[in-house]
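**Q** Once you have looked at the hints, place chain B on chain A.
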Amino acid sequence: MKKIISLTTLIVLIFSLTVVASAKMTGDDVLNKMEEVRDVQTTQMELKLELYDSSGSKRVRTLRNISKKIERKKALSRFLSPSDVEGTGFLSIDKPEIDDEDMYLYLPALGSVRKISGSQKNGSFVGTDFSYNDLSLIGAENYNDDYKAIVLEENEQEYTLKIIPTDEDIDYKYGKLILSKKTWYPTKVEFYDSRDKLQKILTNYNVKQIQGYWTPQKVIMEDVQKGTKTILYLESVVYNDKVNDRIFSPRYLRRY
Amino acid sequence: MNKVSNFSIRHPWIVISLFLLITVWFALQIPKVEMDPSLKGLIPEHMTSRVNLDKIEDVFGGTDAIMIILETDDILNAKTLNRAKKISDELETWEEIDKVNSPFTVQDIRGEDYMLIVEDAIETIPQSDKQEEVIKERIKNNELIYGSIISRDFKAMAIIGVLKDDVTDDLILTKVNKLIEDIPGDEEVKLAGMPIIRAEVSKNTQSDMKKLMPLALLIMLVFLYLCFRQFRGVLLPFMVVVMSIIISMGLIPMLNWKIYLITVILPMSLIAIANDYGIHIIAHYQEENTSKVNLSEEKLVAKVVSSLGAPIIAAGLTTIAGMLCLMTHIMVPAKELGILAAIGIGFALIASITFIPAVMVLLPKAKPIETAVGEGKKGLLERLLDFTANFVTVNPKKITIVFIVIVALISLGVFYLKIDTNPVNYFKEDSSVTKATNAGNKYFGGANTISIMAEGDITDPKVMEKISNFEETIIKHKNVGDVGAISKIMRKMNKELHSGDERFDTIPDNKNAIPQYFMLYESSGDLKKLVDFERKHALITAKIPTNSTGDIQELVGYIRDYIKKDKDSPLKIVGGFGDLQSELSDAVVKGQLMSLITAAIVVGIIVMFLFRSPVAGVMSIIPLSLAIVSLFGLMGFFKIELNIATALLSSVMVGVGVDYTIHFLWRYREEKKVRNTVEAIRITLTTTGRGIVFNALSVVIGFVALMISDFLPVKFFGFLVVVSIGACLLGALLFLPALCIIFKPKFLETKPQEKIKGVAERVEYQN
Numbered sequence: 004m005k006k007i008i009s010l011t012t013l014i015v016l017i018f019s020l021t022v023v024a025s026a027k028m029t030g031d032d033v034l035n036k037m038e039e040v041r042d043v044q045t046t047q048m049e050l051k052l053e054l055y056d057s058s059g060s061k062r063v064r065t066l067r068n069i070s071k072k073i074e075r076k077k078a079l080s081r082f083l084s085p086s087d088v089e090g091t092g093f094l095s096i097d098k099p100e101i102d103d104e105d106m107y108l109y110l111p112a113l114g115s116v117r118k119i120s121g122s123q124k125n126g127s128f129v130g131t132d133f134s135y136n137d138l139s140l141i142g143a144e145n146y147n148d149d150y151k152a153i154v155l156e157e158n159e160q161e162y163t164l165k166i167i168p169t170d171e172d173i174d175y176k177y178g179k180l181i182l183s184k185k186t187w188y189p190t191k192v193e194f195y196d197s198r199d200k201l202q203k204i205l206t207n208y209n210v211k212q213i214q215g216y217w218t219p220q221k222v223i224m225e226d227v228q229k230g231t232k233t234i235l236y237l238e239s240v241v242y243n244d245k246v247n248d249r250i251f252s253p254r255y256l257r258r259y
Numbered sequence: 048m049n050k051v052s053n054f055s056i057r058h059p060w061i062v063i064s065l066f067l068l069i070t071v072w073f074a075l076q077i078p079k080v081e082m083d084p085s086l087k088g089l090i091p092e093h094m095t096s097r098v099n100l101d102k103i104e105d106v107f108g109g110t111d112a113i114m115i116i117l118e119t120d121d122i123l124n125a126k127t128l129n130r131a132k133k134i135s136d137e138l139e140t141w142e143e144i145d146k147v148n149s150p151f152t153v154q155d156i157r158g159e160d161y162m163l164i165v166e167d168a169i170e171t172i173p174q175s176d177k178q179e180e181v182i183k184e185r186i187k188n189n190e191l192i193y194g195s196i197i198s199r200d201f202k203a204m205a206i207i208g209v210l211k212d213d214v215t216d217d218l219i220l221t222k223v224n225k226l227i228e229d230i231p232g233d234e235e236v237k238l239a240g241m242p243i244i245r246a247e248v249s250k251n252t253q254s255d256m257k258k259l260m261p262l263a264l265l266i267m268l269v270f271l272y273l274c275f276r277q278f279r280g281v282l283l284p285f286m287v288v289v290m291s292i293i294i295s296m297g298l299i300p301m302l303n304w305k306i307y308l309i310t311v312i313l314p315m316s317l318i319a320i321a322n323d324y325g326i327h328i329i330a331h332y333q334e335e336n337t338s339k340v341n342l343s344e345e346k347l348v349a350k351v352v353s354s355l356g357a358p359i360i361a362a363g364l365t366t367i368a369g370m371l372c373l374m375t376h377i378m379v380p381a382k383e384l385g386i387l388a389a390i391g392i393g394f395a396l397i398a399s400i401t402f403i404p405a406v407m408v409l410l411p412k413a414k415p416i417e418t419a420v421g422e423g424k425k426g427l428l429e430r431l432l433d434f435t436a437n438f439v440t441v442n443p444k445k446i447t448i449v450f451i452v453i454v455a456l457i458s459l460g461v462f463y464l465k466i467d468t469n470p471v472n473y474f475k476e477d478s479s480v481t482k483a484t485n486a487g488n489k490y491f492g493g494a495n496t497i498s499i500m501a502e503g504d505i506t507d508p509k510v511m512e513k514i515s516n517f518e519e520t521i522i523k524h525k526n527v528g529d530v531g532a533i534s535k536i537m538r539k540m541n542k543e544l545h546s547g548d549e550r551f552d553t554i555p556d557n558k559n560a561i562p563q564y565f566m567l568y569e570s571s572g573d574l575k576k577l578v579d580f581e582r583k584h585a586l587i588t589a590k591i592p593t594n595s596t597g598d599i600q601e602l603v604g605y606i607r608d609y610i611k612k613d614k615d616s617p618l619k620i621v622g623g624f625g626d627l628q629s630e631l632s633d634a635v636v637k638g639q640l641m642s643l644i645t646a647a648i649v650v651g652i653i654v655m656f657l658f659r660s661p662v663a664g665v666m667s668i669i670p671l672s673l674a675i676v677s678l679f680g681l682m683g684f685f686k687i688e689l690n691i692a693t694a695l696l697s698s699v700m701v702g703v704g705v706d707y708t709i710h711f712l713w714r715y716r717e718e719k720k721v722r723n724t725v726e727a728i729r730i731t732l733t734t735t736g737r738g739i740v741f742n743a744l745s746v747v748i749g750f751v752a753l754m755i756s757d758f759l760p761v762k763f764f765g766f767l768v769v770v771s772i773g774a775c776l777l778g779a780l781l782f783l784p785a786l787c788i789i790f791k792p793k794f795l796e797t798k799p800q801e802k803i804k805g806v807a808e809r810v811e812y813q814n
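Going line by line, the protein sequences match chains A and B.
In terms of this note's numbering, the first sequence opens at residue 4 and continues consecutively.
In terms of this note's numbering, the second sequence opens at residue 48 and continues consecutively.
FYI, nobody ran anything at the bench for these hints, they're computed from the structure.
This one's a predicted model, so the numbers in the text were calculated from it and none came from an experiment.
Take every hint as true, because none was put in to throw you off.
Per label pair, the in silico range of CB-to-CB distance:
hint	chain 1	residue 1	chain 2	residue 2	range
1	A	R75	B	V181	27 to 37 Å
2	A	K36	B	K183	49 to 59 Å
3	A	V63	B	D757	58 to 68 Å
4	B	L226	A	E157	41 to 51 Å
Stretch-level coverage of chain B by chain A, calculated; a stretch enters the list once three of its residues show a Cβ under 8 Å from a Cβ in chain A:
hint	stretch
5	163–173
6	556–566
7	569–580
Taking lysine to any residue and the SDA-like style, the derived pairs with C-alpha atoms no more than 25 Å apart in a straight line are:
hint	chain 1	residue 1	chain 2	residue 2
8	B	K583	A	G90
9	A	K229	B	T110
10	A	K229	B	K583
11	A	K61	B	S571
12	B	K575	A	D56
13	B	K132	A	P168
14	A	K61	B	K583
15	B	K132	A	D199
16	B	K575	A	D196
17	A	K61	B	D101
18	B	K558	A	R257
19	B	K509	A	S84
20	A	K51	B	K575
Glycine included, every Cβ here is placed at the ideal spot set by N, Cα and C.
Same shape as in the complex, but just chain A:
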C-alpha cells in the first residue's frame, strides 16, 4: 500500500514537473524556438544602409546580400552603390567544426580576391554601427549560436531575456532582448559593454510577414556611447528561392 502511494506521488510529481516545464520556457528554449520558427533555407535581399555620425552627417550605401543555410552558413554581400565602392564584395563561409569562418574580400579597384584572417567579430561592418557579429543577428535566427539566455520577465505579449555571449570573441558583457510572443521576432536588443554600461541599441521596426516569415522593414542600430547610428532599410527580400551554391566561392566573388 505504502508503495502504491509513494509511486502515485512520484508519478504525480513527475507529471506536474513536466507541466511546469512546458509552460515555463528557459531562456535557451526561447532562443532555440526563435530559430525553429524560421527554417529559412536561403535569403536574397537588397538593403539600404544609412550611416550617421555624431553630428548627424549621413552616408548612404546599398548592397545585395545572399545567404544560404544548408549544411553550413554561407553569405555573400555585394555593394551596389555608391559607384566608387560598387562591386566590393564580402564572402563568408562558416566552419562550425572549428568554430570559425572563412572570410574573403573582393575590391574592384584591386581586381583580385584576398582572404581576410584575424578575428573580425567585433570589428565594424564597413564602418557601420553593426559589428560583423551583430549583422548575423539580423535574421533573428542566429542568437542561439553565440548566446545563452535567461528569462528576466515574461508577460502576455513578450519575453525579456538577458543574453550572454558564449563566444569569447564577442566583446559585449551581456544584452537585454525583448521578444514579441506574436512574431517570435525581437523588437529591441540592448547591448552592454564590459563595464555594464549601455553601448548599443538595436531596434526592429515595422515587422511584417513576408512569405510567412516575420521580417522588419527597418532596423536601427544606435551606438549610444559614440553617438552614431546606422539605419538599415529592407528594399526587397525573397526567401527560399533557389540559390546556386557556386556563387559562394572566391572565384565567383571576383566576377562582377
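**A** This is chain B only, laid out in the frame that chain A set:
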C-alpha cells in the same frame, strides 16, 4: 582730498567699518572664483592660431592627449605587456577618453600570399622568446606603431589617450596617477602630454605659492617692524595690502572672469605695490612726530596726510595708469589682470589716505622714533642713507657714468634673452614633467604637435598624393620626429593588399581604390582623427621632438612655405598646439613692448602734468627705462626665458619704480624751496629716502623667499621682483639725485620770490 581725510579723522569708526564691510563682502565672493588653466584661454579668439585651432577642433574634435610611457629593458616581455594591456583596457572605458592608441588598440594589417591579416598589433601576449621574436618582427614592419607607440629600441611603449573636449586637467592627472598605482609593476612610468603638463604647472605653482607666500609676507612684516619699530608701522600697510588683494580677487567672479595661470601675478604685484602708500604715510608720520612732539594726534595725522596727499595720489595714479596700459596687450587675461591690479591699487590708495588715518587717530599717539631728522643715535639704515647722501652729492658725475656703464654692460644680456612659451620649460631638468617630455621626444618622435588640415575630396588620388608627398617631405625635417596621416595608412593598405610588395608602397591611382580602402579599413580601425566622416577634411599631425619655441616657429614657417609653393594645395590650415605656442611667443613680445611703451609714455605725461614740466616727464622715464633694460639684460644672463608670466610681471613692476621717482622728486622740490641743491638732496634722501628704502627692501627681502622654490616660474617671479624693485630703488636713490645735481632741471628750481614764500611757509610750519 583734505576733506576726505579730514572726514576720516573726524569719523574714524564710520570709515573703518565701511572698509571692513566692503572687504568682507568681497571676501565672500572669492570662493566663487573659477579657474581656466588652458593655453587656449590665454589667446584672443580672433588670433590666427586660435581661429585655426578652433576650425580644426570643429571638424576633428579635441586634439589634447595624455601619453603614459612605460620604460623597461625589454618592453615585449609578458609581464610588461600584461600591465600595459590592463592600463590600455582600463583607459578605453573612461568617459573622459575619446580614443586610445596603444599596441592593443592599433591594428596591424599585413598581406601575405593573397591573404590579408588584420589583427591587433599585439593580439596575444607572447609566452616564449620565439613568439616574442615574431611579434618584434611584425612591429618593425608596422609603420603605424614602430617608433610612434613602441620605441625603435623596444625599451619603451606609449599608451596614448586622446581626451574628449572639456575634460579638466586636474581630474585627468589624478585619475591617471591612481590608475598607475592600481596597476603596479616594475616598469618606470612617465606621464607626458599637454594636459599633464598644465595640471602640473598649476599644481606646482599653487603649492609653492601657498608655501612661500606666507613666508614672504612674514619676512616682510619682520622687516617692516625692524624699520619702523612700531606695530602700527607694520600692521596698517599690511592690512591695506590684504584688503586690496581681497577686493581685486573678489572682483574676478563678479565680473564673470576666470583665474588663469598668470593671475598668480595679481596678489604678488599687490604685495609689492599696495603697501607703498601706507609706508610713506607711516614714515612721514614718524618723521613729523620727532620734530613736532607737542602736536595732538589728530593734527599730526591731518598734517601728514595733507602734506603727502599730492605725491601719494600722483604715485598711485601713475601706477594705475601703468597697469591699465596692459589693456593694450593682445592676451585677454593680461588685459583683465591690468584692470584688476589697477582697481586693487586704486583701493589701496584710497585706504592709505582714509583708512590708515582713521585707525591712527584711534590709537594713542606713538612714541617719537629717532630718525635722521632727529638728533642722537642713528640706525644702520639712517647711517647708510647719510652715506648715500654724502656720496651722491660729492660724486654726481662719477655715479652717473658708473651707473650708465653698468646698465650698458647688463643690457648686453638682452641679446641672450630667449622667448619661450612652452610650459615644459618651466620645469627643471630633473623634474618628472621634463623627463617624461624628453622620453616622448626620444622614443616616440616628440611630445609636441603641429596639425595641418587638408580640405577637398580626400578620396581623390590627386589630393591624397599631395598629402602623401607633404607627409613624406616633412618627416625629413629635423624638427619632425613622426607624422600621423591618412596617406600613410593608404600606402600601407596598398602595399599589404599587394601581399606586402614594397613597390606598392604608394598611393593607388585608381580613383575608386581610396574609397574602397577606406571602407575596408573602417572594418577594423577607425579613421576618426585622420579623416572626417564626409571625407572632405584630413588631419596630418607632425610630432616635434623639441621643446624650443624657436624650433617650432621655424617648422611652422617651413610648412607654410611648403604649402604656399603649390597654388592647388589641399593643405589649408596649419594649427595645433605648436602653432599656438609659436604665435603666443610673438604675442608675448609684442604685447610686452606695446604695454611697456604705452606705460612709459602715459607715466611720463602724468608726471609732466604733475610738475607742469615736460623735462619732469623725461626725467621720470629715464630711471624707469634703465630698470627695464637691466631687467631684460639680467634675464638674458641668467637664462630666464621671457614667457607669458615673466613678461607681464616685468611690466607690472615698472609701475612701482615710478612711484619712487615721484616721491623723490616731490620732496626734493619742496626742500629746494628753502635749501640749496646739495642740502635738498641730503634731506630728501634721509627723509623720503627712508620711506622708499623701507618700501623697496620690504618687498625685495620678502620675495627673496620665492627664489628658494624648486619650481622655475615661482623662482623667477622672486628673481624678477627683486631685480626690478632693486633697479628702481637704485635709480631713485642714486641715479636720479645725481642727475638733479648735474642738470639742475628748471622745474625743480623755485623762483626767488617763491623761495622766500617757501621759507615763510616753512617757518610757519615749524611753529
